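Full structure from sequences and hints, please.
Residue-level listing of the chains:
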Amino acid sequence: MSGATLGTDDRSRLLLGTVLVVVALAVVSTTIFDLPVAAILTVGFVERALQAASPIALAAIGGLYAEKSGVFNIGLEGFMIFGAVAAATFTFLLGGDAPSQTTLWLGILGATLVCGLLSVAFAVLLVRYQANQIVAGLAVWFIGLGFGPFTAVLLWGNRNSPGLASMNSVTVPGLSEIPVLGSVLFDTSPLVWLAGVLAVAAWVVLFRTKYGYWVQAAGENPEALDTAGIDVTRIRYAAVIFSGLMAGLGGAVLMAHAGSFTGTGDTMVNGRGWIAIVAYLFGNYNPIGAALAALLFGGLDMLQIQFQTAGIELPNRLVNLFPYVAVVVVLTVWGSTRMPSSVGEHYESEE
Amino acid sequence: MSDADSSPARDLLDRAADRVLDLTVLERLAIAAASTVLALLIGLVVVAAAGYDPAQFLRFVFVGSFGDAGATARTLKFTTILTLTGVAVAIAFRAGVFNIGVQGQFVVGGFTTVVTILWLAPVFPTGTVGGVLLMVFGTLAAVVAAGAYGALPGILKAYADANEIITTIMLNFVAVGVVGYLVEGAFRGEGNRAPNTERLPEYVSLPRIVYDNPDFSILGFAVALLVVALVAVVMARTTVGYDMVTSGYQQAAATFSGVDAERTIVTTMTFSGMVAGVAGAVFAIMIQGYYSDPAGVGTYGFDAIAVSLLAANNPLGVVPASLLFGGLDSAASYISINSDVPVQLIDGIVGLVVLFVAAPELFRMAAKRTGLGGADR
Numbered sequence: 001m002s003g004a005t006l007g008t009d010d011r012s013r014l015l016l017g018t019v020l021v022v023v024a025l026a027v028v029s030t031t032i033f034d035l036p037v038a039a040i041l042t043v044g045f046v047e048r049a050l051q052a053a054s055p056i057a058l059a060a061i062g063g064l065y066a067e068k069s070g071v072f073n074i075g076l077e078g079f080m081i082f083g084a085v086a087a088a089t090f091t092f093l094l095g096g097d098a099p100s101q102t103t104l105w106l107g108i109l110g111a112t113l114v115c116g117l118l119s120v121a122f123a124v125l126l127v128r129y130q131a132n133q134i135v136a137g138l139a140v141w142f143i144g145l146g147f148g149p150f151t152a153v154l155l156w157g158n159r160n161s162p163g164l165a166s167m168n169s170v171t172v173p174g175l176s177e178i179p180v181l182g183s184v185l186f187d188t189s190p191l192v193w194l195a196g197v198l199a200v201a202a203w204v205v206l207f208r209t210k211y212g213y214w215v216q217a218a219g220e221n222p223e224a225l226d227t228a229g230i231d232v233t234r235i236r237y238a239a240v241i242f243s244g245l246m247a248g249l250g251g252a253v254l255m256a257h258a259g260s261f262t263g264t265g266d267t268m269v270n271g272r273g274w275i276a277i278v279a280y281l282f283g284n285y286n287p288i289g290a291a292l293a294a295l296l297f298g299g300l301d302m303l304q305i306q307f308q309t310a311g312i313e314l315p316n317r318l319v320n321l322f323p324y325v326a327v328v329v330v331l332t333v334w335g336s337t338r339m340p341s342s343v344g345e346h347y348e349s350e351e
Numbered sequence: 352m353s354d355a356d357s358s359p360a361r362d363l364l365d366r367a368a369d370r371v372l373d374l375t376v377l378e379r380l381a382i383a384a385a386s387t388v389l390a391l392l393i394g395l396v397v398v399a400a401a402g403y404d405p406a407q408f409l410r411f412v413f414v415g416s417f418g419d420a421g422a423t424a425r426t427l428k429f430t431t432i433l434t435l436t437g438v439a440v441a442i443a444f445r446a447g448v449f450n451i452g453v454q455g456q457f458v459v460g461g462f463t464t465v466v467t468i469l470w471l472a473p474v475f476p477t478g479t480v481g482g483v484l485l486m487v488f489g490t491l492a493a494v495v496a497a498g499a500y501g502a503l504p505g506i507l508k509a510y511a512d513a514n515e516i517i518t519t520i521m522l523n524f525v526a527v528g529v530v531g532y533l534v535e536g537a538f539r540g541e542g543n544r545a546p547n548t549e550r551l552p553e554y555v556s557l558p559r560i561v562y563d564n565p566d567f568s569i570l571g572f573a574v575a576l577l578v579v580a581l582v583a584v585v586m587a588r589t590t591v592g593y594d595m596v597t598s599g600y601q602q603a604a605a606t607f608s609g610v611d612a613e614r615t616i617v618t619t620m621t622f623s624g625m626v627a628g629v630a631g632a633v634f635a636i637m638i639q640g641y642y643s644d645p646a647g648v649g650t651y652g653f654d655a656i657a658v659s660l661l662a663a664n665n666p667l668g669v670v671p672a673s674l675l676f677g678g679l680d681s682a683a684s685y686i687s688i689n690s691d692v693p694v695q696l697i698d699g700i701v702g703l704v705v706l707f708v709a710a711p712e713l714f715r716m717a718a719k720r721t722g723l724g725g726a727d728r
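Residue numbers (the working numbering), protein chains in the order written: chain A, 1 to 351; chain B, 352 to 728.
Keep in mind that the hints were calculated from the coordinates and are not lab data. These numbers were taken from a predicted model, which means no experiment stands behind them. Heads up, none of these hints are tricks.
According to the in silico footprint, chain A covers these stretches of chain B (three or more CB under 8 angstroms from chain A):
1. 509-520
2. 525-537
3. 653-664
4. 688-700
5. 703-715
Per label pair, the in silico range of CB-to-CB distance:
6. A:Thr171 x B:Ile688: 45 to 53 angstroms
7. B:Phe607 x A:Val43: 53 to 61 angstroms
8. B:Ala580 x A:Gly265: 29 to 37 angstroms
9. B:Arg720 x A:Ser100: 46 to 54 angstroms
10. A:Val205 x B:Ile506: 35 to 43 angstroms
Listed below are the simulated DMTMM-like cross-link pairs for lysine to aspartate or glutamate, each with C-alpha atoms no more than 25 angstroms apart in a straight line:
11. B:Lys719 x A:Glu348
12. A:Lys210 x A:Glu220
13. A:Lys210 x A:Asp231
14. B:Lys719 x B:Glu378
15. B:Lys719 x A:Glu345
16. A:Lys210 x A:Asp226
Here a beta-carbon is modelled for each residue, glycine too, at the ideal position from N, C-alpha and C.
Structural data, given as structure tokens:
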């Protein structure tokens, strides 16, 4: 590559510069336009941002594992659509119009398993039949955009499901009394907790266990891993299936927070799978970093409600675009993070 | 192994292009046909599993696409737009740039056409001459606007290394959101209940010849074919086109032979966006006659990816491929009226075609196992 590539030092300086500019702009705009910051940064906002971030974080962790192992799973968006529609389907079939919380949990579990199965087929195409990873990933999205609403029309005669059930908050007695932290952490959807715990667990497994090292080696240096007697193909299968499973779980969580499935337009997933890819790039392939990046996008996604309650007149349609614009800005400023060196390379053992 | 200073993403593209170019024309045709048949078969299984009659569904697919003159005109209407968006995708994919943003560029182009024509109409004469002039200026405006909207992710990729797959997808959402906002508010026609712009004047339309369909003119299809020919010539006979194709085939070789990689990426994206702009203009003038909320204008820019892949990203191959997908779209509108099968199935089938086209190895191994076709490589 030519002079456009920046050194690591340049890049971190650039990042620091951007952060400073953003902070300065924020300070200037709040003083000039008299933005009610306190009315925007409320406890409720943090709670909503965490809920909005959970599906993105889950999908991002999955995608990160696949890419670490050397396979670019660009189909996260599609798997999220399948997860959302499958969760709604199971919840509806098991619980009808008024499903209980248990049914909703079963729906989430069922959706995750279905997406696991679908990603087995996807992994076979990618790993065994060496499909073009970019094109096949796009295809998963198109298939989801078709079969997701198809299932909804089949079940409910409409691209959207009726209102099913949304996940209730779990209140921890005592701890929820703590100011601010209490209601953000101890009086919230258990799925937010699930995402947080999985992010930490994914970090531990990836960086502190031998399985994690195998995943990393499959992407960085498959020959060495093969020489060490570990089956590269098997690691990659596991990582791709895990990524589909996690994206499916992400879609299911999205459905469970919303309480129904929406299949109009680009469906309720609406680009979150793509944002998940940017989240793990931005998080520099670190599960916890990816989850924090997801929180950033979740926060931007929820700004609209804050603006409304703070009395700022901005058209919803434009405020809704903030996360997408943020993604473009992040990619432009952050540029390419260092991908694992063997991503996209098909590996064939010498045996 | 790749050398230290080339990015893995680019290597990936190089290898993908290598593999595509490895295939012979005959093999490509066989893979395209096999992918389509396999996708349709899966579609029929789903139809049967959902409790409908697959034989009737299959009959509806044929009757609804080419059954009579009306169906054929409807098919050609979809084919016209898919040919243009398909060529736009093919230009980029050929050059190894993944422009997934044709949908957004198509929307920006179409909206610009309508706004330009409405704005210029009062200063132009009415009647045929004025109509033709307005259509020309409307289309030129679309080409400029959509070209610029395509150039943006190109510049971000070339000079900031921002992955174009993701930026173009994000810019699709942005285009739909912003144009939707404008159509709802500032540009909504006076007294319109629906979020639509004013209608274009009567005389700004393509004549109905051969087929009597208010949404299709054979002239629109002719424009599409003309653009295909133009793009094919540019890609095969000019230096700019040569640079694009070599960049797509072998980045390292292209750079070595003096191609400015960054500038080629920007040129490619701009060119691709410009063609998407023509698609938007033809859609706005020939089909809609006004502009509505782009969330509902159809996914021509996405289906174009399937079209281009099926055509192995060859501009000429795009025509038969878009005839196939145009037929499927046309069948979908027929099926939605005449049967209970949810039409979203057709979108799913299109996705399956893309999935299978991505995995030529699947068919090669299958052919080897069954001893068919003698594809013994």
